[in-house]
Structures are given as C-alpha cells and as structure tokens.
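*Asks:* Here is what each chain is made of, one letter per residue.
There are 2 protein chains.
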Amino acid sequence: MKARVHITLKHGVLDPQGKAIGHALGSLGFEGVGDVRQGKVIELELAETDEARARAEVEQMCQKLLANTVIENYAIELQA
Amino acid sequence: MKARVHITLKHGVLDPQGKAIGHALGSLGFEGVGDVRQGKVIELELAETDEARARAEVEQMCQKLLANTVIENYAIELQA
Chain G
1 MKARVHITLK HGVLDPQGKA IGHALGSLGF EGVGDVRQGK VIELELAETD
51 EARARAEVEQ MCQKLLANTV IENYAIELQA
Chain F
1 MKARVHITLK HGVLDPQGKA IGHALGSLGF EGVGDVRQGK VIELELAETD
51 EARARAEVEQ MCQKLLANTV IENYAIELQA
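Chains as they are written, first to last, in the numbering used here: chain G, 1 to 80; chain F, 1 to 80.
Some clues are possibly wrong.
Just so you know, same-sequence chains aren't split out, so a pair can sit in one copy or run between any two.
Calculated pairs, SDA-like style, for lysine to any residue (alpha carbon to alpha carbon, straight line, at most 20 Å) [claimed, not checked]:
1) LYS64 with GLY12
2) LYS10 with ASP50
3) LYS2 with ALA52
4) LYS10 with GLU48
5) LYS64 with GLY26
6) LYS40 with GLN79
7) LYS10 with PHE30
8) LYS2 with ALA75
9) LYS19 with ARG53
10) LYS10 with LEU28
These aren't lab readings, by the way, just hints derived from the structure by calculation.
Make a model of the complete structure from these sequences and hints.
*Replies:* As structure tokens, then:
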C-alpha cells in the first residue's frame, strides 16, 4: 500500500520560502499571483495492506517524525 | 483560482532526503516501510479565472522557475 502525506504550514505561520517564490514569479513577469505557500509531500511504500491499520501507522509517523505539529498540518492519502 | 503544484523527483534520481526519512522511521520502530520519497507542494493563488489559461500560466511557471525539469516531474491541480 502506498501512502502520500502532505505537510503544509498552518495558517498564520510565516512562509518565507513561499514569499520568495512569489517574488521570483513577479520578477519573471507573471502577474496576478497572490499568496504562495510551500509545503512537502512524502510518499511511503508500506508493507501493511489493511487500510485502517496503515492509516493509523502513518498518523503515528506524522506525529512522531514527519510533521512538526506545532506549526504544520498534515493530510494522509492512501492508495491500494 | 487556486493552483497546487506537486513536484517530485523523477524515477531513478537518488533521493537522500527520502532515504534519511526511511532510516529514521526504521530506528523509531516502524516496520515494513519500503521506499520513501520526498517532494514539494507549492500552492498558488491566481487572479486568472479561466481554467485553461490558468493551467497554461502555471505550466509556464513550472518550466521557468518551480521545477527543475531535468530531474523533477510536476503535476498541476486547479481548484476554482
């Protein structure tokens, strides 16, 4: 089973990387670009085949290692 | 219109960050974790409201700035 975890900064947390991308797009001539935020995606291959157990395991991974839950949100997507 | 761009390393390109995450998960006691790959997500707010034009614009942004097309793939998702 494959899992994809999206990790994004919480609302209200400054995102200097996103800001830099926004400025760079502006100076390349792209107009009408508003807020830009950058996050991470982590793709994992799991031996677990049961969806509920896989989700619980990835949830644990996010809490313990993948995301900094003080400033980041995460979303888990599973594919069989 | 909102756009979300997923940027992932092409197959065959070494991903040391993913490898490090895989090892860290292993040493935290998570078993059955196979390949781990890390990528980026960039979320953009666009003034453009036409879907086709927005997609073309984001495609250009990916080619010119967001992705390194030699080693990275990108996928564009639009939300009205």
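*Asks:* A separate judgement is required for each hint: does it hold in the structure or not?
*Replies:* Going through the hints against the structure:
no.: 1; hint: LYS64 with GLY12; verdict: neither (23 Å within a copy, 29 Å between copies)
no.: 2; hint: LYS10 with ASP50; verdict: neither (30 Å within a copy, 28 Å between copies)
no.: 3; hint: LYS2 with ALA52; verdict: within (13 Å within a copy, 31 Å between copies)
no.: 4; hint: LYS10 with GLU48; verdict: neither (30 Å within a copy, 25 Å between copies)
no.: 5; hint: LYS64 with GLY26; verdict: between (38 Å within a copy, 12 Å between copies)
no.: 6; hint: LYS40 with GLN79; verdict: both (18 Å within a copy, 19 Å between copies)
no.: 7; hint: LYS10 with PHE30; verdict: neither (26 Å within a copy, 26 Å between copies)
no.: 8; hint: LYS2 with ALA75; verdict: both (14 Å within a copy, 18 Å between copies)
no.: 9; hint: LYS19 with ARG53; verdict: neither (38 Å within a copy, 23 Å between copies)
no.: 10; hint: LYS10 with LEU28; verdict: neither (28 Å within a copy, 26 Å between copies)
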